[in-house]
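Enquirer: Make one complex out of these two single chains by using the hints.
Each protein sequence line maps, in turn, to chains W and P.
Residue 137 in this note's numbering is what sits at position 137 of the first sequence, and the numbering runs on without skipping anything.
Residue 760 in this note's numbering is what sits at position 433 of the second sequence, and the numbering runs on without skipping anything.
These aren't lab readings, by the way, just hints derived from the structure by calculation.
Each hint should be verified, as a subset may be incorrect.
Said to hold, decoys possible - Result set (DMTMM-like, lysine to aspartate or glutamate): computed pairs, CA atoms no more than 20 Å apart in a straight line:
1. P:Lys722 / W:Asp55
2. P:Lys797 / P:Asp808
3. P:Lys399 / P:Glu356
4. W:Lys251 / W:Glu284
5. P:Lys722 / W:Glu284
6. P:Lys721 / W:Glu284
7. P:Lys827 / P:Asp733
8. P:Lys399 / P:Glu374
9. P:Lys399 / P:Asp418
10. P:Lys721 / W:Asp92
All values reported here derive from a predicted model rather than from experimental measurement.
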Amino acid sequence: MTRPKSNTSPPLNVAGKRTSSPFDLDLLRGWSEDRDPALASPHALSALATLHQLDANHTPIASYPIFGPAILLGRFHSQHSPVDLLLDNLQDHQTYRLGSPHAHLELLPTGQWVVQALAPQTPTRLNGEPIDTLAMAREVRAGDRLTLGVTTFDFEPHDITLDDHQRQLDRLLDSCDPPALFLMRSGAPSGPYHPLDPRRPLTLGRSYPPAGTLPNSQHWPSRPDHFWDLSGLPDVERKFVAFQHARLIFKDQRWHIEPLSTRQRTYVNRIPINVPTVLEPGDELGLGSALFHLQLPTTRARPRRNITPPRPIDWSEGRPPAEDPER
Amino acid sequence: MSARPAPSIVTLPSEPDAPTASILRGSDEQPYLRWTGPAEWLDGVREAFAPPGHPCLPSAIDTPDETSLDLKLPSPNAQPFDAWAWRNLPDHTAVDALLNLTRAIQQLHHRGWTLRGLRTGDLLLDASRGTLLIAAAPRLAPMPRTPDNETVWRDIRVFAELTYENFLGHEYPGGHHLVTLLQDRNALRDVGLTHPALPQLLAGCVTPYGDLAYRHTDELIGGLTHLRTELTRPLQLEVASRSTQGNYLFRQNNQDSCGHILLDTVCDSQTHRIGFFCVADGIGGIQDGAAASTAAVRAACAAFMRAWEHAPPRDILHAPTELARAIARVTSQHLALYGEFSPDQNRGGTTFTGLVIAGDHAGLCHVGDSRAWLLRDQHLIPLSEDHTLANIFKKLDHAPSPAERDASHRTIARFLSTGTELDDARIDTFRNDLPDLLNQPDLHAHGLRLRDGDLLILTTDGAHGELSDKDLHSLALTHYDAPHALCDAIVNNALSRVGKDNSTAMAIRLSRRPPA
Chain W
1 MTRPKSNTSP PLNVAGKRTS SPFDLDLLRG WSEDRDPALA SPHALSALAT
51 LHQLDANHTP IASYPIFGPA ILLGRFHSQH SPVDLLLDNL QDHQTYRLGS
101 PHAHLELLPT GQWVVQALAP QTPTRLNGEP IDTLAMAREV RAGDRLTLGV
151 TTFDFEPHDI TLDDHQRQLD RLLDSCDPPA LFLMRSGAPS GPYHPLDPRR
201 PLTLGRSYPP AGTLPNSQHW PSRPDHFWDL SGLPDVERKF VAFQHARLIF
251 KDQRWHIEPL STRQRTYVNR IPINVPTVLE PGDELGLGSA LFHLQLPTTR
301 ARPRRNITPP RPIDWSEGRP PAEDPER
Chain P
328 MSARPAPSIV TLPSEPDAPT ASILRGSDEQ PYLRWTGPAE WLDGVREAFA
378 PPGHPCLPSA IDTPDETSLD LKLPSPNAQP FDAWAWRNLP DHTAVDALLN
428 LTRAIQQLHH RGWTLRGLRT GDLLLDASRG TLLIAAAPRL APMPRTPDNE
478 TVWRDIRVFA ELTYENFLGH EYPGGHHLVT LLQDRNALRD VGLTHPALPQ
528 LLAGCVTPYG DLAYRHTDEL IGGLTHLRTE LTRPLQLEVA SRSTQGNYLF
578 RQNNQDSCGH ILLDTVCDSQ THRIGFFCVA DGIGGIQDGA AASTAAVRAA
628 CAAFMRAWEH APPRDILHAP TELARAIARV TSQHLALYGE FSPDQNRGGT
678 TFTGLVIAGD HAGLCHVGDS RAWLLRDQHL IPLSEDHTLA NIFKKLDHAP
728 SPAERDASHR TIARFLSTGT ELDDARIDTF RNDLPDLLNQ PDLHAHGLRL
778 RDGDLLILTT DGAHGELSDK DLHSLALTHY DAPHALCDAI VNNALSRVGK
828 DNSTAMAIRL SRRPPA
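Just chain P, same shape as in the assembly (with noise of 0.2 Å):
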């Protein structure tokens, strides 16, 4: 360290004759903590604050004198606690902040060290990323062998009075007043302690005595997840989907199929939304394309609905998109076994396209030339690619001749056939260039984050086939928020313009209820 002193920032209060900590501007312009206090006490420090530490403790670093001791701050905004700056963090922001903040208490307990007593005055709050700091821990003291009720409750009382200011937006009443507020249910009514799980975790933290008391930072950490599951509002989703024959002379039926499936559990307070979206192109002959495209809907919503059944939520809401695929696999293979085993009735095949949607996120399978569209931030972008011809002498700098040009756009290199099962490798998902256009790194391992106003468009080729891009972008813009009427939209510009084949729409609206 250099002989100047270091410009201080700020000094977190404390007790006369107790240890310091103050908040200094390193000669790199970044802040640093200096905590100053008695020898044998920093000997402690160092031991619990020892890097790598928790992400909400600071991590000794340097000793300048034998009496201080220099620690490095997780978080460079950190201000100190600021009681009104916390009672406006959203309530979702704040509980993950003390989930943080418990299991950085739990990390010191398992080093075997004890706060003694945590106060907000020793905490640092980043508003901004939602965090909460331990800053100061004067009273640092190895865990006693045999802790009694009130060593775990000195460390977590705090809890009571965070919790209560950020739900309630009004100053702590303190633990006595607390006590007596949690044994009159007229009286938690009458101060609005009505939110679930909240008196309960309040009943934890404010005394060391009784049964409700938490014993330990598990429990602590249990009451905090099921008051987190309480705050979670999932994504409403509104779907509407369209499909006619169309109005062609010599269109005789309708090969297009879709269906989607929307399943709302709640199961141990958990809410999962999940739900299986599709449409079909049927190809072939006459019979054979509605046949075709009839089967792959039923087959793949029954797929779904066995996955929901056996897979773990866990799995489905991780792996969107390889849910996504297997769908498409199985369903191919269903399409092929009746190809060789009922060959009277099923010789076409059927474009492909499918999106499930499992809480936050979206995965997509793709096989043919239906589309996929997000209409996300006033963008309309097309999520899939589409399997013709034309793309592959796109890709091979092949100028096509006017007559090889109309046919390539209506040739497709993929299908789900009756006669030959898709393999693996050539099930498509989402678009190779959508991590960085969505600006999402990990979209194909976990799949497209849907954000609340999302809207997700599934059409085939007689409705896009009909519009150009511009056109179905100013469409989504005038029914953004009305599904129905979007379908209806796209499907009657088809029919107005007399196009020749069957068009089908679907359109799925996302939306974040805010908290009643």
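Just chain W, same shape as in the assembly (with noise of 0.2 Å):
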């Protein structure tokens, strides 16, 4: 694991309010995880926005940053495609009634940032209007009050252009010798990366206790050599990441994902994927509701600029869309 080192401030706690618990989680597990900081660390990009979540007074309670210029937004379903912004201090109550994804925002090359609804049956609200689902995207500016379900965020843009992001963005994905994978958070990738080695395969997860510390755990399978180990992403983008979650391999000139886990999906490009899948440049992996960038030498790949959204189902008919004779 390595990362570049323009930041060294103290990993932020997004939701920042819990003060961390005077007990070693290690000591009551009885194993121990290794968890990296890096992981957990502040974004290596200048954010494009800021969304503030407000509560019933209006009060800012916690800010969510951009740092991609069109991402989905909403919470994760394994069911459906992993998001880029994942809303995570949220009441159950206001979860339930947010979309996966909800909505997708893009910055314009004109400098402008639109929204679409994409959620079929919460609604979406701006400045209190309501929005149609997959209707014309409709430009959002500065102070503007987006209305997610029943929670009201402040949508704040930033002085930065698609050029300078742009700028920021080559000279973090030109700090690697690629192949190499990066995390992406909010939209770009982060920071945090791990090389990859045509002659050794990665896995993928998390850690686990070697086999025999628990009880009846002497089948459970050995760590594998080459690891990147997640356990230090935040508590939200963790927890839908298996302990043996994927595998990158090199196979005929290519690289694949061969997905490991039954429990977890696997998604290449927002596609959840069952079977060892070939990679090409430039590919999003989603690991549960983590997603990474894939850096190859043979082109300068970039993210994805566009990411169409996928067609949202509407399940409220209460009939499944084989029936429906227009899909």
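Expert: Here it is, written out as structure tokens:
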């Protein structure tokens, strides 16, 4: 695990509320977790905009910086595709009314931000006015109030152009020797990366105890030699990462990803996969809700500028999509 | 100051030609102290009693003329020392007061001053708050550069008298007599000086000579701390639990699990009563739910034992809620590990409500629709909030259709799953309105402060789902001092109604035994 040295400030919690527990979880577990603090470090790029979550009295209680020019936001649900920005500091009833994904935010080359509602069963409002799902994108300006479900956010764009953003991104991606796998957060590679070695397959997962540590665990697999331990990710990102999630293999001159977990999904360009799948330069891998960017030496690949939002399935009719003659 | 002479409340006893102290009533009706004496003595007082001082010391505020000084009284309700009131003060309150007084004297010593003899007549007693204050220092003098045996002893010899009178309830026989008493074990027994750590303290204060004499206020604090430890009466816990499969025809096994661990240790004279109590209601298929709840209870109890083994007792006593949350996190990860690596038998999930009782405080972790209750002052207070769809609907002001309503009570919004580990933010603790309800603002930071007579109840939905809150309340009131009978009553109620779910109840009764 390596990361550029540009960012040395201590890790920041998005919610920023809970103080750390005096209890060492490793002692309570009986085995230790290898939490890499770099995985929870602040984003290496400058934010393009920020969503400030407001409470009932319109007081900001949390902020979600946006680092990508085109992002999906909402909550993660494994049956839908991963989203770039997870709105995680919400209460249960607010999450219940949040789509997966809920909306698409995009910074146009003209410098305008636009929003498109994607959730069919839950409302999206711009300054109190409802937006139709999948209707034309609407412009969002500084200070606009965006209501996703029942939660209101204050939108604040920052003074940074797309070109500046692209330069920062290029610098970050050039700081490594490709091939490498970059962690993405809020729409762009955030700094931490793991170099890829064509001779050795890389397994992605989280710390787990050696066989025999816990009762009836004698048959558990041993930890692979070449392993990127993602235990250090913030709770909300790591909860959908399996202990042995996926393996990256270089075969027939191409990189492949092989999903290992039956519980947690693996996505390539937001499409769930079940079998080893070949990867293209610049592909985006999803391990549960955590996203990764594959940087290969063959081309000067960049993260995909545009994400095609998945076509939302409206279950409100109570009819499975297969019976719908339109589809 | 106004020219009008301030009305005097009381003058403290003093010797002829010595500085005097009296309590006067100020213009704002608040009492204050006026000390009168020679100018060089007053200069010393101004330095020794300069604010900010210890809360048991008055602080100099004003100089009305050259021979007197006004001082602020730290406690307006303090009365001149009254031996009767002091003897009737509870032991532990008296020892706490003496500990504070020692720290005040220690501060004077650190500032380079000695009282050259402290007498009961120089003290004020606030019996309601249990505090002793120094209200006169007529012999105040600089601490000699090389203090002899008697310098410290003069200031602390009064502690022998105070402790003796409070513990034995009769008049102090005097230092010479006490020294004789202390040298004779039979005499100690006859007088009744048998309280642990008490003769040692008396021996330290009564004379400046010999190996046992206290040479420094730190030693006095040590002696008083030992005495305080001996007086601490930990809460006694009486625990009962019952869990049944139930009598519903299609309910083939018991998916509920519960467990508790109670640890009593006495190490270094410190008695620690620490306990962990949990209920888990398994969900999923027939075998899976039972496996998940069993795994959760076993993993949680094991985590609690590891915490007890590794964490300093101070951490557990000060942050029981953090410990409970940590246990829930570790348990959640344990389930996720088995779900991934041994998926054949581990596909379900479970609710989890765990209670940590450490000393006088309780911490809670809570996920799902099992419940924790507190019976206090005849009120039954729910400590946890159900994580159900019905509660989400309530917060959304959504009026569900009849079919939706039925399902929404059974649908749980959070649980420990073998599929996905629960993140920290989704492990709940006490309800948010509880600090106001129980009038304890630091409840979320330090845990629920427990009282003598509290009754804690943990139930799964099979038990409380068959009972209205009112019925559970009346059952708890009926059996408030018999946890076994209460658990039986709650479970039997579910059985008598042929409830569809397994039912589990656990009750913990807290009491503080009076000193022997």
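Enquirer: Now tell me, hint by hint, if it's right for this structure.
Expert: Hints and how they fare:
1. P:Lys722 / W:Asp55: 14 Å, holds
2. P:Lys797 / P:Asp808: 18 Å, holds
3. P:Lys399 / P:Glu356: With a Cα-Cα distance of about 13 Å, the restraint between P:Lys399 and P:Glu356 holds, given a limit of 20 Å.
4. W:Lys251 / W:Glu284: Measuring from Cα to Cα gives roughly 19 Å; hence the hint holds.
5. P:Lys722 / W:Glu284: 37 Å, violated
6. P:Lys721 / W:Glu284: 40 Å, violated
7. P:Lys827 / P:Asp733: 14 Å, holds
8. P:Lys399 / P:Glu374: 15 Å, holds
9. P:Lys399 / P:Asp418: 28 Å, violated
10. P:Lys721 / W:Asp92: 11 Å, holds
Consistency with the previously given hints fails for numbers 5, 6, 9, ordered from lowest to highest.
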